[in-house]
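Chains as they are written, first to last, in numbering that gives the first Met the number 0: chain A, 0 to 435; chain B, 0 to 188.
Read the hints as simulated data drawn from the structure, not as lab findings.
Honestly, I wouldn't trust all of these hints.
[Stated by the list, open to error] To give an idea of the chain B side of the interface with chain A (calculated C-beta under 8 Å), a few residues:
no., residue
1, Ile25
2, Gln79
3, Cys155
No residue lacks a Cβ here, since even glycine has one placed at the ideal position from N, Cα and C.
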Amino acid sequence: MSRAVVRPKSWVMFILLAICLINSAALAQDPARFPKPEFESGYQQPPTQTPPPRSTGREWMDVFVLAVALGLTSYFALKKRSRRAIWAMAVFSVIYFGFIREGCVCAVGSLQNVSAALFLSDYVIPLTVLAFFVIPLIFTLFFGRTFCAAVCPLGAVQDLVMVKPVPVAGWLQEVLGLFRYVYLGFAVLFAATGSAFLICRYDPFVSIFRMGNDFGMMLYSIGFVALSIFVARPYCRFLCPYGVLLGWMSQLSKKHLTITPDSCHVCRLCETSCPMGAIDKPTPEKLPVTREQGIRRLGVLLIFVPVMIAIGGGTFSRLDVFLSKMHPTVSLAEKIDLENRTGTAGTTVETLTFRSSGTPAETLFAEAGIIRKRFRIGGWLLGGFLGLILGVKLIGLSIFRTSTEYEPNRAACFSCGRCFSYCPNEHQRLENIRHY
Amino acid sequence: MNNEKEKLGRREFIKDALRTMTAAVIGGMGGFIGGRAAKNTVWQLDPNKCVQCERCSTHCVLTESAVKCVHAYDVCGYCQLCGGYHRPGAKIQDTAAENQLCPTGAIQRTYVENPYYEYTITEALCNGCGKCVKGCGAFGNGSLYLQVRHDRCLNCNECAIATVCPSGAYQRVPSDRPYILKGQQGQGS
Numbered sequence: 000m001s002r003a004v005v006r007p008k009s010w011v012m013f014i015l016l017a018i019c020l021i022n023s024a025a026l027a028q029d030p031a032r033f034p035k036p037e038f039e040s041g042y043q044q045p046p047t048q049t050p051p052p053r054s055t056g057r058e059w060m061d062v063f064v065l066a067v068a069l070g071l072t073s074y075f076a077l078k079k080r081s082r083r084a085i086w087a088m089a090v091f092s093v094i095y096f097g098f099i100r101e102g103c104v105c106a107v108g109s110l111q112n113v114s115a116a117l118f119l120s121d122y123v124i125p126l127t128v129l130a131f132f133v134i135p136l137i138f139t140l141f142f143g144r145t146f147c148a149a150v151c152p153l154g155a156v157q158d159l160v161m162v163k164p165v166p167v168a169g170w171l172q173e174v175l176g177l178f179r180y181v182y183l184g185f186a187v188l189f190a191a192t193g194s195a196f197l198i199c200r201y202d203p204f205v206s207i208f209r210m211g212n213d214f215g216m217m218l219y220s221i222g223f224v225a226l227s228i229f230v231a232r233p234y235c236r237f238l239c240p241y242g243v244l245l246g247w248m249s250q251l252s253k254k255h256l257t258i259t260p261d262s263c264h265v266c267r268l269c270e271t272s273c274p275m276g277a278i279d280k281p282t283p284e285k286l287p288v289t290r291e292q293g294i295r296r297l298g299v300l301l302i303f304v305p306v307m308i309a310i311g312g313g314t315f316s317r318l319d320v321f322l323s324k325m326h327p328t329v330s331l332a333e334k335i336d337l338e339n340r341t342g343t344a345g346t347t348v349e350t351l352t353f354r355s356s357g358t359p360a361e362t363l364f365a366e367a368g369i370i371r372k373r374f375r376i377g378g379w380l381l382g383g384f385l386g387l388i389l390g391v392k393l394i395g396l397s398i399f400r401t402s403t404e405y406e407p408n409r410a411a412c413f414s415c416g417r418c419f420s421y422c423p424n425e426h427q428r429l430e431n432i433r434h435y
Numbered sequence: 000m001n002n003e004k005e006k007l008g009r010r011e012f013i014k015d016a017l018r019t020m021t022a023a024v025i026g027g028m029g030g031f032i033g034g035r036a037a038k039n040t041v042w043q044l045d046p047n048k049c050v051q052c053e054r055c056s057t058h059c060v061l062t063e064s065a066v067k068c069v070h071a072y073d074v075c076g077y078c079q080l081c082g083g084y085h086r087p088g089a090k091i092q093d094t095a096a097e098n099q100l101c102p103t104g105a106i107q108r109t110y111v112e113n114p115y116y117e118y119t120i121t122e123a124l125c126n127g128c129g130k131c132v133k134g135c136g137a138f139g140n141g142s143l144y145l146q147v148r149h150d151r152c153l154n155c156n157e158c159a160i161a162t163v164c165p166s167g168a169y170q171r172v173p174s175d176r177p178y179i180l181k182g183q184q185g186q187g188s
């Protein structure tokens, strides 16, 4: 028997199958082709098993754990002043929010859900996700960035692997730190247009928490963790978009971690203690520019800010065609358009699916046009935002605030408490406690 | 000295005012969104939109996809010759491995009564490729279909499969109705 011989029965089935496959699109909505059997043996049809998802109660428990962890960390950082306790909280967060909860949903990612809820009329945000966004912001408004210290699993994992941090020059830190604003801007733009959740897609630590991902992402994650050994908290300092919001909150915070429990003697012992470079030195006696020069510079910059906003907005709004490719509808419309123009059809699964759905291409193009228009407006806002940030940063360079103490920089300090033990006053305090 | 103190007081006052304002803005925004916020949601795929592109089996963040094939028994014709079970062109329509469509042998066929056979999915073996779904939809009643299994799904904020689904079948559904079922069960819920 050779392979070429085909039995008649198989032939029939093959043809039947072939016909059915060709007509499958038309027949898909048909009621049953084969009637429901009438069983005589008393056979009972089993139901489809539907294992339930994680209960809402447990989602709320996560919110509760988040609030308690924030409270505890704030207490440890501001009142108890214990680096060891903060470290223990970080371990807890990595285990609970990281490995047990496997990373989702986190406060960093929730900012995309909030953006989507603000701008997309058909997106509904679950209340627990909203809570994950709001609670850390409120805590930071009162106690500084204690969320970053030991509650955020992304921050905590970097904190724990920080073995030999090398100092990063101040100017380089400032420049690299600007990426956070760019990342924030793009994350909000893509979330608000319903294109993608950028932060989730390029989260460097979720692959670690889930112990698996595709090869490229795994490499990226391992690279990030390896980098965190030598560069203190690279994600927090140079990428984290939520950190931008927390930084703003922290600048207004009612209370904040202090280096010294008492008053600063300017002994300089803590000067290089912060691996994140978040300690502000006392201002020098003699400012680098005179008051008149400073005022003139400020005046020039103030005129410059609107110009930069306009330039930024104009530039990014012209990128609408390019940026909107991130949206699935626009990218599909482009593919269909390309196929139509080249006279080919069904070169990808997406276009094949779209063509078999029977929706006219014009509808798709119209939709894509609306989305592109949204990207144009979004581009203006994004570019304007980035221009404003650049302007404000430049103005910040020309404003000198007099200070006579070593203080944590409120926007940049993660409240990790590494500086405590460098302060002689702290040792005195601990000594006093031991004696009573 | 007095001037210094006054300055500090003023600075504190401005800060207090700004903080209160910021808290109000966050609260207001939270209230605005929260007013429209709904119950928790989970990812699910609409079997009526699914085109069985097989990406569910390869794009889930889990190594073994959270998407599995399920069976609506009351839609099934219990055929002896099953388009979802047998490989097209199989010489003999029996239970031999080489004649089965499922690459992992996850479909169990059991005899019920003449001429009916019951098909059961062994979920531990299913990889969610949807080959059987395609076969069943093309030849049979379409009783086999893919669903996100919530005992496995991590409920990622951005579902990795949803981003590559060619038919837009993925959507967020309320977590108290987490499945889009076919047959009686689908109508009942």
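In ascending order, which of the hints set out earlier in this document are inconsistent with the structure?
2
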